[in-house]
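Undergrad: Residues per chain are reported as follows:
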Amino acid sequence: MIKDIATSGNAGILSFIQALNINRINQIISSIARKFSKFSTIAKPFSRFSIEGKIGIFGVICIILMAVFAPMITIYPPQKITGDSLEPPGPGHILGTDELGMDIWSQICYGARMSLTIGLAVAFAAGFGGGALGILAGYMGGHIDQGLMRVIDVTMALPSFPLLIVISAFLGPSIFNVIFVLVLFSWAKPARIARSQTLSLKKNNYIIAARNYGAKPFYLLWRHIFPEVMPVLLVLVIGISSHAIIAEAGLAFLGLGDPTSKSWGMMLNHATGFRSIYFTPYWQWWLLPPLFMLIFLLLCLAFISRDMERILDPKLKIKKGF
Amino acid sequence: MEKDRNSFIFRLLSTLFVILAINFFLPRMMPGDPFSTTSADEVGEEIIVMTEEQRLYYLNYYGLDRPLYEQFLVYMKNLMTGDLGRSIYYKMPVSDVIMLHLPWTVLIVVGATVISTISGVILGTLSAKNRKKGSDRIMMTGLIAFAEIPSFLLGLILLLVFSVYLRLFPLAGAVTPFADYNGPAEQAWDILYHAFLPIVTLSLSQLTGVYLLTRNTLITVTTKDYIRTARAKGLGEKTVWIRHALRNALLPVVTRTGFMIGIMMGGVVLVESVFSYPGIGMTLRSAVVGRDYPLIQGILLVIAVSILVCNLLVDKIYGKLDPRVGI
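For the record, the sequence lines run as chains A and B.
Each residue of the first sequence is one higher than the last, beginning at -12 in my numbering.
Each residue of the second sequence is one higher than the last, beginning at 9 in my numbering.
What the hints contain is simulated information worked out from the structure, not anything from laboratory work.
Accuracy of the hints is not assured; some may be wrong.
Claimed, not checked - If you want the ones that stay clear, here's a sample from chain A, every Cβ over 12 Å from chain B, calculated:
1. Thr69
2. Gly79
3. Ala119
4. His130
5. Ala144
6. Ile194
7. Leu221
8. Phe266
9. Leu299
To be verified - Subject to a maximum C-alpha distance of 20 Å in a straight line, what follows is the list of computed SDA-like cross-link-like pairs (lysine to any residue):
10. A:Lys41 to B:Gly150
11. B:Lys99 to B:Arg299
12. B:Lys99 to B:Asn256
13. B:Lys137 to B:Glu245
14. B:Lys328 to B:Lys246
15. A:Lys190 to A:Thr247
16. A:Lys41 to B:Thr149
17. A:Lys41 to B:Glu156
18. B:Lys140 to A:Lys41
19. A:Lys41 to B:Ala153
20. A:Lys41 to B:Val313
21. B:Lys241 to B:Leu259
22. B:Lys241 to B:Thr225
To be verified - Listed next, with one range per pair, are the computed distances between beta-carbon atoms:
23. A:Thr267 to B:Tyr326: 44 to 54 Å
24. B:Lys85 to A:Ser161: 34 to 44 Å
25. A:Ser263 to B:Leu64: 47 to 57 Å
26. B:Ser294 to A:Lys67: 48 to 58 Å
27. A:Lys41 to B:Tyr201: 43 to 53 Å
28. A:Ala196 to B:Leu134: 48 to 58 Å
29. A:Lys41 to B:Asp188: 52 to 62 Å
30. A:Ser263 to B:Leu200: 23 to 33 Å
31. B:Asn14 to A:Ser263: 55 to 65 Å
Ideal Cβ placement from N, Cα and C applies to all residues, glycine included.
Construct the entire structure; sequences and hints are all you get.
TA: Written out as structure tokens, the structure reads:
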């Protein structure tokens, strides 16, 4: 009940409750409000997004809805033979069927799940995992920091895509392996940026003051440093997720994706692997939809990250450290 | 400065070491060994089941029963002498297979580097000159949107439009099969004709980086005092832009070119697969599909070494071009 009132954010009710001056309610509300103010760093910039950025957000939301409600907006299951081989788009199958007679529209909808899962999983694991490592290293300094910097340097200099191909070829194709290998190659950048931000934040007076008042390292990192680093990490997370989606599509296109899954990259792989596809009209409904969806998703993500970067620009430029 | 250079060399060497280690340990971490195959890959292939004695003999023959560090030393010694092992699929030394396909990759990567650098610099200069005008805005937005499309998807689009729909360019290959040429000119034309779309794809994917870099550096450079001095001396606009502004703005472009080659060597695997272009990328794909492990490792090594060499070269050239860096 109290939560409902607080989340509605109605200033009138809030002031009314505060006027009642019930101590307990006040405490609860202020704690909830504090939790909300953490998220306001994400919510506030939305009004400042440009038109492209809003299109990007709208597009990504559409794809997310498509992935979540895939069973409801498709008639056929994606992995079952439900029609003739290579049916052109028509009333039975909206986007036609592939060479095995599977519905392409449902493959597209279910494929969105795969791309989004991999993008999000890699981005959050690499972005926040790498970020946490960077913050820790930056805060502790000394040998740990030096060692981590060496590892980051080497990781960033490695040719990531050829290595991705080789490692996933040896480890064998599965979603988990793809995610694992992608995380292995994308944690370095957020770690480096989080580290350099932490280094400059650490010298601020309010943090020194907090430490002198007896704040424990964990408290300092969680309450003072992490909220400051988070907006930048969030921009990086979007960038990493679009890289992960590209890499997954590329690996699947080469035939290194999970063969049991239907991702957009796997669809491209099947379609281009089909003998003489270019001499037949099949590519028009088999190859174009996944291609279009991938490019659409990547452009939307790019618009969002460009806008967020622009909004956070003053911070990024000063603290990025290069 | 000396310390910087040392850490740069150290970074290159440690990167090389990590790649070698991955190359060496990854196949050995996999379960089983090459001699315990129990199933045939193709129908009709004879299944050879070895007795335990035979298996041990082969393990001993290939040195796989020795301790890991000894194997690693042997591996390093072989690498130093240029021995990369034998390809299982091609039935010849890995280095020969790579040598057969590397020229094609070098052709399209070098071609794309040259084209994207030149056109990026030209477009960037035009854009910087017309700054705050409509043409600059249009060029920026267009090129930035282009840059977000990964090269292999761009390649697929180009292939569908120009080869499949318009039928202007070939669908696959690097030369016309079984062609009789009337002289080297015709042969060169045929090779260029086949390499055109892959080169355009790679250049388009790298163009935006060079363009933005040139534009932004030029805009910073033109606010410098020596540009005002040059104008005050009464030099023409052309001389000011080309001799004074562009010459200084090109320095970061040189560094960018080195990175570009690295990025392209990664992307080339996919682009070559799209165009069925017989470079090492395509070979890597078929090696992965055929589980030709020695070939996979050899190609990875070649790609990695070429990237590192490019970085080193850029560092050296940059030192020569910009005396302030100094060696």
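Undergrad: Are the hints correct? Go through all of them and say.
TA: Results for each hint:
| no. | hint | result |
| --- | --- | --- |
| 1 | Thr69 | holds, 27 Å |
| 2 | Gly79 | holds, 26 Å |
| 3 | Ala119 | holds, 23 Å |
| 4 | His130 | holds, 16 Å |
| 5 | Ala144 | violated, 4 Å |
| 6 | Ile194 | holds, 29 Å |
| 7 | Leu221 | holds, 19 Å |
| 8 | Phe266 | violated, 8 Å |
| 9 | Leu299 | holds, 18 Å |
| 10 | A:Lys41 to B:Gly150 | holds, 18 Å |
| 11 | B:Lys99 to B:Arg299 | holds, 14 Å |
| 12 | B:Lys99 to B:Asn256 | violated, 52 Å |
| 13 | B:Lys137 to B:Glu245 | holds, 11 Å |
| 14 | B:Lys328 to B:Lys246 | violated, 26 Å |
| 15 | A:Lys190 to A:Thr247 | violated, 52 Å |
| 16 | A:Lys41 to B:Thr149 | holds, 16 Å |
| 17 | A:Lys41 to B:Glu156 | holds, 17 Å |
| 18 | B:Lys140 to A:Lys41 | violated, 24 Å |
| 19 | A:Lys41 to B:Ala153 | holds, 16 Å |
| 20 | A:Lys41 to B:Val313 | violated, 43 Å |
| 21 | B:Lys241 to B:Leu259 | violated, 25 Å |
| 22 | B:Lys241 to B:Thr225 | violated, 23 Å |
| 23 | A:Thr267 to B:Tyr326: 44 to 54 Å | holds, 51 Å |
| 24 | B:Lys85 to A:Ser161: 34 to 44 Å | holds, 36 Å |
| 25 | A:Ser263 to B:Leu64: 47 to 57 Å | holds, 49 Å |
| 26 | B:Ser294 to A:Lys67: 48 to 58 Å | violated, 31 Å |
| 27 | A:Lys41 to B:Tyr201: 43 to 53 Å | holds, 44 Å |
| 28 | A:Ala196 to B:Leu134: 48 to 58 Å | holds, 53 Å |
| 29 | A:Lys41 to B:Asp188: 52 to 62 Å | holds, 59 Å |
| 30 | A:Ser263 to B:Leu200: 23 to 33 Å | holds, 26 Å |
| 31 | B:Asn14 to A:Ser263: 55 to 65 Å | holds, 56 Å |
Hint compliance for this structure: hints 5, 8, 12, 14, 15, 18, 20, 21, 22, 26 are not met, and every other hint is.
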